[in-house]
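Quick mapping for you: the protein sequence lines, in order, are chains A and B.
Here our numbering is used: the first residue of the first sequence is 311, the next is one more, and so on.
Here our numbering is used: the first residue of the second sequence is -2, the next is one more, and so on.
These are computed hints drawn from the structure, not numbers from a lab.
Do not take every clue at face value.
[Unchecked claim] Stretches of chain A that chain B covers, calculated by requiring three or more beta carbons in the stretch to come under 8 Å of a beta carbon on chain B:
no. : segment
1   : 353 to 364
2   : 411 to 424
[As the list claims (entries may be wrong)] The calculated DMTMM-like cross-link candidates involving lysine to aspartate or glutamate, where the alpha carbons are at most 25 Å apart (straight line), are:
no. : chain 1 : residue 1 : chain 2 : residue 2
3   : B       : 35        : A       : 313
4   : B       : 35        : A       : 334
5   : B       : 35        : A       : 407
6   : B       : 0         : A       : 396
Built from N, CA and C at the ideal position, the CB exists for glycine as well.
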Amino acid sequence: EAEVAQSPRYKITEKSQAVAFWCDPISGHATLYWYRQILGQGPELLVQFQDESVVDDSQLPKDRFSAERLKGVDSTLKIQPAELGDSAMYLCASSFETQMYEQYFGPGTRLTVT
Amino acid sequence: AQKVTQAQTEISVVEKEDVTLDCVYETRDTTYYLFWYKQPPSGELVFLIRRNSFDEQNEISGRYSWNFQKSTSSFNFTITASQVVDSAVYFCALSGYGGATNKLIFGTGTLLAVQP
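Input sequences plus hints: build the corresponding full structure.
Structure representation (structure tokens):
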């Protein structure tokens, strides 16, 4: 069964350092999402791509976060500089198209900022 | 604004008991989707069900069943004869219909602990 791949699974970094996460969606899925899940809460959307274009990044803290999906396949989410409040689970999801298709999630990257 | 409320923070049951997880949502949209996801300790969100707002028929899948009541804005999830493997955090979520984006609005989740 096809799965969304993410790496690394765990990342510990010091504040003010740069960190990057990678996501490879299910083959053929045009839509890719990055969510952030703070401990004890539900995930919240950071950015949504349709192919290589950003559809929604209204909740992305653009002063320190950036996301790209250059060839419309895999994607990278970067934080620079990391802050203590960025400690969370970062989840990537993909869907075949935007509407009427469920989102499938990867295993996530758990980030700890010290 | 869209909002999902899962008032039950944590539920503990003994194996083989039935358990219902509550979900109440708010939206101004006339058409929307509702979802349930399961998050085991490994962290990955597992899709369970999607229901659109114009289909209020309840659904059963094995030990799982869902009760959608538009009149009360609720989409409750029942596990019959619970098992230890059902232990996880369960999230209810809402998304819009139409337009370029369909981000999921999640509730805060309900932690279900099934004791042997």
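Tested hints:
Closer than 8 Å: that is the beta-carbon criterion, and the segment 353 to 364 of chain A has 5 residues meeting it against chain B, so the requirement of 3 holds. Check on the segment 411 to 424 of chain A: 8 of its residues sit with their Cβ under 8 Å from a Cβ of chain B, so the three-residue criterion for coverage holds. At roughly 16 Å between alpha-carbon atoms, residue 35 (chain B) and residue 313 (chain A) fall within 25 Å of each other, so this suggested pair holds. Of the pairs offered as hints, the one joining residue 35 (chain B) and residue 334 (chain A) holds, with about 21 Å between alpha carbons and a cut-off of 25 Å not exceeded.
Simply put, residue 35 (chain B) and residue 407 (chain A) have alpha-carbon atoms about 22 Å apart, close enough for the 25 Å limit, and the pair holds. Distance check on the hinted pair: residue 0 (chain B) and residue 396 (chain A) sit about 23 Å apart at the alpha-carbon level, within 25 Å; holds.
Comparing the model with each numbered hint stated earlier shows that all of them hold.
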